[in-house]
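Asker: With chain S held as given, fit chain F with the ligand onto it using these hints.
Spelled out, the chains give:
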Amino acid sequence: MPDATSLIPVFADIVGADHVIADPDRLKALAIDGVVAKLMVSPKTMEETAKIMAAAYKDDLSVIPIGGGTKMALGGIPSRADILISTKRMDSYLDYDIDNLTIQVESGLTIAAIQAKLEAEGKGYFLPVDPPHSRNATVGGVVATNDNGPKRLLYGGLRDNVLGNTVVLANGDIVRAGGKVVKNVASYDLTKLFIGSLGSLGLICRTTFKIGLKPEAEASLLLPFNDLSKAGSFLQRIISSFYYPAALEVMTANTMAHRKDILKTEGNYIVAVFCEGISEAVDRQMKDLSEIGKNEGALAAVPLRGAQHRDFWIAYRDFADDWSKTDPNLILLKSNFVISKHAEMFAASEKALSDAGLRYALAAHAGTGTLYTAILPGADLESRKESIIGEIRRLTDMAVGNDGNLVVERAPFSLKKQVDVWGRIKSGFSLVRGLKERFDPTGVLNPGRYVGGI
Amino acid sequence: MEKKQLLQKLAEIVGKDDIRTSEMQLQEYSYDASLIKGKPDCIVIPESTLEVSRIARLAHENHVPLIVRGTGSSLSGGPVPVRGGIVLLTTPKMNRILEIDIPNQRVVVEPGVITLQLKNELAKYGYLYQPDPASEKTSTMGGNLAENSGGPLCFKYGVTTNHILGAELVLADGEVINVGGKSLDNPGLDLIGLVTGSEGTLAIATKIILRIMPKNEGVKTLLAIFDTVNDGANTVSEIVKSGMVPSTLEMLDNLAIKAVETFYKIGLPTDAAGLLLIELDGLNDGLDRLAGQIIEICKKNNAREVSLAKNNAERDQLWTARKGAFGATGRLRPNYLVNDGTVPRTKLPETLRRVGEIGKKYNVEIANVFHAGDGNLHPLILFDERDKDELARVHKAAFEILQVCVEVGGTITGEHGVGVEKLGALSLLFSPADLNALRKIKRVFDPDDILNPGKLILMESESSERKEVVYA
Ligand SMILES: Cc1cc2nc3c(=O)[nH]c(=O)nc-3n(C[C@H](O)[C@H](O)[C@H](O)COP(=O)(O)OP(=O)(O)OC[C@H]3O[C@@H](n4cnc5c(N)ncnc54)[C@H](O)[C@@H]3O)c2cc1C
Numbered sequence: 215m216p217d218a219t220s221l222i223p224v225f226a227d228i229v230g231a232d233h234v235i236a237d238p239d240r241l242k243a244l245a246i247d248g249v250v251a252k253l254m255v256s257p258k259t260m261e262e263t264a265k266i267m268a269a270a271y272k273d274d275l276s277v278i279p280i281g282g283g284t285k286m287a288l289g290g291i292p293s294r295a296d297i298l299i300s301t302k303r304m305d306s307y308l309d310y311d312i313d314n315l316t317i318q319v320e321s322g323l324t325i326a327a328i329q330a331k332l333e334a335e336g337k338g339y340f341l342p343v344d345p346p347h348s349r350n351a352t353v354g355g356v357v358a359t360n361d362n363g364p365k366r367l368l369y370g371g372l373r374d375n376v377l378g379n380t381v382v383l384a385n386g387d388i389v390r391a392g393g394k395v396v397k398n399v400a401s402y403d404l405t406k407l408f409i410g411s412l413g414s415l416g417l418i419c420r421t422t423f424k425i426g427l428k429p430e431a432e433a434s435l436l437l438p439f440n441d442l443s444k445a446g447s448f449l450q451r452i453i454s455s456f457y458y459p460a461a462l463e464v465m466t467a468n469t470m471a472h473r474k475d476i477l478k479t480e481g482n483y484i485v486a487v488f489c490e491g492i493s494e495a496v497d498r499q500m501k502d503l504s505e506i507g508k509n510e511g512a513l514a515a516v517p518l519r520g521a522q523h524r525d526f527w528i529a530y531r532d533f534a535d536d537w538s539k540t541d542p543n544l545i546l547l548k549s550n551f552v553i554s555k556h557a558e559m560f561a562a563s564e565k566a567l568s569d570a571g572l573r574y575a576l577a578a579h580a581g582t583g584t585l586y587t588a589i590l591p592g593a594d595l596e597s598r599k600e601s602i603i604g605e606i607r608r609l610t611d612m613a614v615g616n617d618g619n620l621v622v623e624r625a626p627f628s629l630k631k632q633v634d635v636w637g638r639i640k641s642g643f644s645l646v647r648g649l650k651e652r653f654d655p656t657g658v659l660n661p662g663r664y665v666g667g668i
Numbered sequence: 224m225e226k227k228q229l230l231q232k233l234a235e236i237v238g239k240d241d242i243r244t245s246e247m248q249l250q251e252y253s254y255d256a257s258l259i260k261g262k263p264d265c266i267v268i269p270e271s272t273l274e275v276s277r278i279a280r281l282a283h284e285n286h287v288p289l290i291v292r293g294t295g296s297s298l299s300g301g302p303v304p305v306r307g308g309i310v311l312l313t314t315p316k317m318n319r320i321l322e323i324d325i326p327n328q329r330v331v332v333e334p335g336v337i338t339l340q341l342k343n344e345l346a347k348y349g350y351l352y353q354p355d356p357a358s359e360k361t362s363t364m365g366g367n368l369a370e371n372s373g374g375p376l377c378f379k380y381g382v383t384t385n386h387i388l389g390a391e392l393v394l395a396d397g398e399v400i401n402v403g404g405k406s407l408d409n410p411g412l413d414l415i416g417l418v419t420g421s422e423g424t425l426a427i428a429t430k431i432i433l434r435i436m437p438k439n440e441g442v443k444t445l446l447a448i449f450d451t452v453n454d455g456a457n458t459v460s461e462i463v464k465s466g467m468v469p470s471t472l473e474m475l476d477n478l479a480i481k482a483v484e485t486f487y488k489i490g491l492p493t494d495a496a497g498l499l500l501i502e503l504d505g506l507n508d509g510l511d512r513l514a515g516q517i518i519e520i521c522k523k524n525n526a527r528e529v530s531l532a533k534n535n536a537e538r539d540q541l542w543t544a545r546k547g548a549f550g551a552t553g554r555l556r557p558n559y560l561v562n563d564g565t566v567p568r569t570k571l572p573e574t575l576r577r578v579g580e581i582g583k584k585y586n587v588e589i590a591n592v593f594h595a596g597d598g599n600l601h602p603l604i605l606f607d608e609r610d611k612d613e614l615a616r617v618h619k620a621a622f623e624i625l626q627v628c629v630e631v632g633g634t635i636t637g638e639h640g641v642g643v644e645k646l647g648a649l650s651l652l653f654s655p656a657d658l659n660a661l662r663k664i665k666r667v668f669d670p671d672d673i674l675n676p677g678k679l680i681l682m683e684s685e686s687s688e689r690k691e692v693v694y695a
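Residue numbers (the numbering used here), protein chains in the order written: chain S, 215 to 668; chain F, 224 to 695.
So here's chain S without its partners, still in its complex pose (with noise of 0.2 Å):
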């Protein structure tokens, strides 16, 4: 098999030598659970793009798409890594269609520049997708792992925000998938194919999302809890309700620990709860909740508006990245379920890992059953370990038990090795396993790093 150096002078000719790394220090600082690719290669449009893929395909060089590198951890571990093609300069607004509600944009911009964007129009426009990650996450890579956020709840998830992605596959063909209508049903629904794969089938390089206005109102309300079942029980009693709230979570008392100039609340649990619509009927919420809550046993309902209600949520969704800087070996797990089962999942984590005598942070989408763990085992991971993986399995099998499944969204690569990062395989595999060998027959785009180690 050709080196990838080899190729250095052809991607030099595609996107300019200045975009070529090879630099092995800065390569190293780029790796991927260890694996240090070859080259970085920066391409500015999809076509120079598809040349590069071409290129690659041809050699037999495996690609792995790099955007704002929030989410490298994501997956297995590499079985190889030639050729890291960054999305960064892929960064152009191709159909600004604010009128219609839909834009178009490449997918190396981040979603943080997106909505910037739209909020100088001045009229509300916003993208209704709110990631982890807020500040560097990038279209392509938001969209390659399915990245929810809180607003999921009201607005529907990238499934649902989405309209057509272009991507290149992995011989360089360029593939459009879906358009810039709401409605469309002409021919497979392959945008949703892309939506979480991770890049294994072909590099996101365009996508359309729907736009929104943003409503006349809106405000949070949190509301502190001693007791985690009295919360569990307020949450499932809004789900069940007419009420709407944009989202709907659960916290323990330091999950926004390193953000106590934002939450300053009393109470071993936080319930934050996001409201947004008309005036009236946010008033109206506000005013229910608050009454509901504390009548279910909430210390108090605390209401956010303004910037303290923005920069709340915007911390919040950051809680990771925040206990990674303190806890460089923090292990952040994701688990879905049947979202009646959230408190329930809830403590049963938090009971698991006080057992273990394991420190972690909490942080649940109660209202679409999504459940994150953030288990922070300080500088000695090693005599931790095996206790975490014990942990890991155990919460895989709730959360499976729960028709749902657990993915490790991040860990230190020796833990890494020990554990399926994706959860139960569950049936329909082969499937899986079919749609990469026909999309990628060579296995050159994110090799072992994707669902069943394809």
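The hints are simulated quantities; they were obtained by calculation from the structure and are not laboratory data. Watch out, some of these pointers could steer you wrong.
As the list claims (entries may be wrong) - Under 7 Å between C-beta atoms, here's a sample of chain S residues computed to sit facing chain F:
1) Asp313
2) Gly338
3) Val399
4) Asp403
5) Leu407
6) Arg498
7) Val552
8) Ile553
9) Asn619
10) Leu649
11) Val665
Values in this document were obtained by computation on a predicted structure and should not be read as measured data. Ideal placement from N, C-alpha and C gives every residue a C-beta, glycine not left out.
Answerer: Showing chain F with the ligand alone in chain S's frame:
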């Protein structure tokens, strides 16, 4: 295998009584709600996943086409056995609501459940399944899944695919798998997303998991009458731009209004050029003010009249009119053809104007009933199938309308599917590389082209690159 042997094997699976072979019965399943026809070799009525699986295995081993059929209300030829084969009916015996899981806001149904039957059942719990194809009284959940059906409420709540979270599937070779589930975001490829809208060509859904929601506290329904269709379309754009998210923004043009009035006699002005049906839902608080704001926008855009439904009876009447619009319009002539292109909302006035011009050019009568909020047009072209010259003009007009939709940034079908009808229009939208990628999907799921062959995309490349529509 000889046909006789095949029938015998099928009888071993489902029992002799659940096989139909008489000429009359075969005729009955030779069509759908389009004009496409094709006769099956036999009809089979399974009652369980296991039976479906065994039928699939039999079809697979013998290379016999297998076509699932709900109630045959498809408008694109979806369930028509254009290459013969076994038609599998879901409605007689696979029609149970298996589970209503209120705490988790999910239901599990068999594919033969009728959409409205599910909604009515859920109403008893104060819950809603949102997607509402106008055909909900007759269409099945299996058909809704396979066509990724839309409806008026989809402007706010999304189409069927946004509400289907999982399914039990029988694959082409009889293997039974489960995809998705009651929970969201299962890791791995979005197989349920891929199967939804696949028109029975990838797998047979034997159980479907759906998302349901608690009923809204309040609803307001408004009716606005316009003297030009453009005023109506501009009203829609302005409402959407204002940031309001009505659950419904539906329009009818003059011909459709006249047809509905003739049929339902509910007092619609038959000289009006456009009728806009708007619905708001949510908490009661502020709904009146929003309705007021909408009335203002309608008036500003020259609405002749705007009224608010005073009670449920009035509201039901408006909805009956909207949902019966196809049927009523269709009665004006022996046949009608529903076009289903979708365009970006701001292109509605231009597209409608061009649709009108196309009608004139080919001398065919076109009525418009459309989901204005999401730009999904339904030009209904009226004709008489027996008039071959007219039929030919209808084909040309229909194709040109699709061309216009694609030209302005839209698509060839918003909710009715490609079926047989729009195979020849795929290349308006897709490059050869795109079409190849779509074929890869079919090859993974059904390499031998057993499930509903000849629909959605043809495995032989030339035919998908033909540029025409096929209606009969
Ligand atoms: C008057 C009228 C109004 C309509 N209004 C609307 C509307 O507002 N919105 C809209 O979207 N559509 C509408 N339609 C079209 C049609 O009703 C829908 O496409 C509907 O979902 C079809 O359901 P069905 O049960 O009749 O399916 P069928 O017509 O029987 O089949 C449709 C397709 O689904 C496949 N299929 C059926 N069951 C299964 C299964 N279990 N597994 C896999 N594949 C399966 C079939 O093979 C076929 O390809 C309308 C049709 C009519 C006649």
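Asker: Does each hint hold? Answer for all of them.
Answerer: Hint check:
1. Asp313: With Cβ-Cβ at 5 Å, under 7 Å, it holds.
2. Gly338: 6 Å, holds
3. Val399: 5 Å, holds
4. Asp403: 5 Å, holds
5. Leu407: Where the cut-off is 7 Å and the nearest Cβ of chain F is about 6 Å from Leu407 (chain S), the hint holds.
6. Arg498: OK, holds: Arg498 (chain S) within 7 Å of chain F, min 4 Å.
7. Val552: With a closest approach of 4 Å, the Val552 (chain S) hint holds.
8. Ile553: Because about 5 Å separates Ile553 (chain S) from the closest Cβ in chain F, which is inside the 7 Å limit, the hint holds.
9. Asn619: 6 Å, holds
10. Leu649: Given a least distance of 5 Å, the restraint on Leu649 (chain S) holds.
11. Val665: The hint holds - Val665 (chain S) has a Cβ within 7 Å of chain F, the shortest such distance being about 5 Å.
The earlier numbered hints are all upheld by this structure, with none contradicted.
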